[in-house]
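Peer 1: Those protein sequences? They're chains A and B, same order as listed.
Counting with my numbering, you get residues 1 to 197 for the letters of the first sequence.
Counting with my numbering, you get residues 1001 to 1313 for the letters of the second sequence.
Source of the hints: derived by calculation from the structure; they are not laboratory data.
A few of these clues could be false.
[Stated by the list, open to error] Here are the computed lysine-lysine pairs in the BS3-like style, where the Cα-Cα straight-line distance is at most 27 Å:
1) B:Lys1069 <-> A:Lys196
2) A:Lys121 <-> A:Lys10
3) A:Lys193 <-> B:Lys1070
4) A:Lys196 <-> B:Lys1070
No experiment lies behind these values; they were computed from the predicted model shown.
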Amino acid sequence: MKVYFQEFLKGIIKENPTFVLALGLCPTLAVSVSVINGIGMGIAATFVLLGSNVIIAMIKNFIPERIRIPCFIVVIATFVTIVEMTMKAYSPALNRALGIYVPLIVVNCIVLGRAEAYAQKSSVVNSFFDGLGMGVGFTLALILISGIREFLGNGQLMNHTIIKGFQPAFIFGMPSGALLVIGLLLGFFNLVKNRKG
Amino acid sequence: MPDKFTVTASPHLHNKESTRRIMWMVVAALVPAGIAGVVIFGWPALRVIALGVVSALSTEALLGVLTRKKITLLDGSAFITGLLLAYNLPPNVPFWIPIVGSIFSIAIGKQIFGGLGQNIFNPALVGRVFLMASWPRYITAFAKPLSCDAITAATPLAALKEGRVLERLSNWDLFLGLRGGCIGEVCIAALLVGALFLLIRGYITWQIPFSFIFTTAILTYILGPRGLFTGDWLLHILSGGLILGAFFMATDYVTSPLTSLGQLIFGAGCGLITAIIRLWGGYPEGVSYAILMMNAATPIIDRYTRNRVYGRR
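The shape of chain B in the complex, shown without the other chains:
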């Protein structure tokens, strides 16, 4: 029985995880927020999501064919990029906005750097910021929730920025997502369901979301509008893209630091920049810019937070 004692090199234990599987799990975790977005904003939201995903996948396939590289269509990363980009758009944008954004995200944000794992910046956010800088009036016109027509409504953060005395939506409404905003960011409840799933399964770690949200909350509370410690921190957490950004975009494996300490620093940096932009910046919302800026800082954070190798001083 020679077969019985076959000796092979390690690793001897395998689990089923792979990049592809993780990516599709993240997609699954994003589904509740998408459903909530469609429920809140109606069919236009579904159209934006479908256009974003389809054009992201087509761009990925086309570039794969053109560069004669391995077709990475099924690893789910392009799907996530298209999905996240669509989640970051208002529901009633013209049809070509998600298409152009997805093409830019995949081509310029990802493939030009060498594809998945090589990109410096989160591709979906690159697409969003490109759209924001190019066609600002479409990206900042938000539809009113639960009314399928194109009445525009200010987001809570925009109202806060302009100092308008708006009857503040109740925390419960904000939690359920009954406000103007982007498709995927409004329903905090649905986002938390997905985020909890990812956390429990260990696909994301708690460090980045925690330090991101915590820093934003603390800073917006301390530096309130009527002197110190008067800020409406709960409003800042529940509105804007903070939850979506903190759990699903800042935690992107490729563009965030590797170690726990690095991730805490990364999240705190994101929170700091978000708070600064929200409180004093020109835009009402700063989550996407904050994440992109910290993406740029990721290599240097990684460099200074390297784990000590066992046995070395």
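Here chain A stands alone, though its shape is the one from the complex:
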């Protein structure tokens, strides 16, 4: 059980997809305008990661080496379609806010990266916990980034005004602000890591 827990935990801190592996930055930059969007994107990606990791770990022995990427894509695209249809049916507002970035999870490098680097070499249960950890790590990173951006760029958190009279800095609502926030957070986490080690 401890092994599984470690597989889960490594995605959150030691191999956090956003801050350590620096994967999946495109959706991170694009959707982290508000916390709601961040959580929605995180949950969608987590579901796809879980599903694709498990299925790919199951069928890894039947996939020919040379066409493995198309095979992964087919599996991933299936789960993305499920997510997209569900989202359209139950929360169309979120779907509109995330826009093209929901179908683009198909080519999200976290999902593809875990399939390539982990799931095709590991057991089903390990892959399940790996996918869960990576998904939660991605979601937490998105919440952190979008929380900072929503507060500084919009003066709000989860659509509630926090400080009256606070003048939001528009730059944090723009892509350049996203790059700034991600860069500073990356630097901060590296600093913490170097202090420890």
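Assemble the complex: chain A is given as a structure, and chain B must be docked to it using the hints.
Peer 2: Below, chain B alone, put in the same frame as chain A:
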């Protein structure tokens, strides 16, 4: 008498120049423009300058303590950054604008890259562009000159951009700085006094300012509003931040090319981008963006304009 023939390694001649001395000389050269700004816009301008400088120095000191690096407070570079940032702001901004801008300039524009000499972009302009993107309505509301209240007036360039038929200020008024604008950019006369001092003392070279201003003037003259060769090039030189930018910000040692040829290219690039933004861009003024973009191009310019080493093909 063994002491008489002491032999030491070169260099044998020293002069008194140092980074610190040069920086304070640049500060001295900027003083006339600041005084002119305060005379033209009144005490609010002095408040903005003081807040910008003090918060730049405090940020520098604080970061020096936090990172346990050598405290570089007295080398004057943070002072210049704060001063230039304040010069690039309208006189009647809220008090926190120069503070936030200075903190951003020093922390993000300079120290995060490793401090003086390591930064890619001119820190003061980084701060200004950050403020411009974040709180545009404060940065583009300009006070009317010689009236200490908050009547906003369009800058000559903004009027030109909107195609408004504004009675054109006389060149003399523009030269003395009797127009709406940022604190340090309006008084061309005072800026030229400082620039001349720096040029004569050899602290800056003529290449960047010359090619910057010349390119902007030529392009705005050729691509005039009523067909070719009808542009009001003198207005383009005398308004906006061109003089301040060309002499004091584009010539920053850290972020501009090293060789003469490189500096000419750098200045021409700045002029080209400035003219493009002024004529067709979304903003009335493009000097700060032009300098920042060319800052990014500086390493590649340096790479292709390296001086030939004597004796090498």
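Peer 1: Would you list, in rising numerical order, the hints stated earlier that this structure does not obey?
Peer 2: Violated hints: none at all, because every hint is consistent with the structure.
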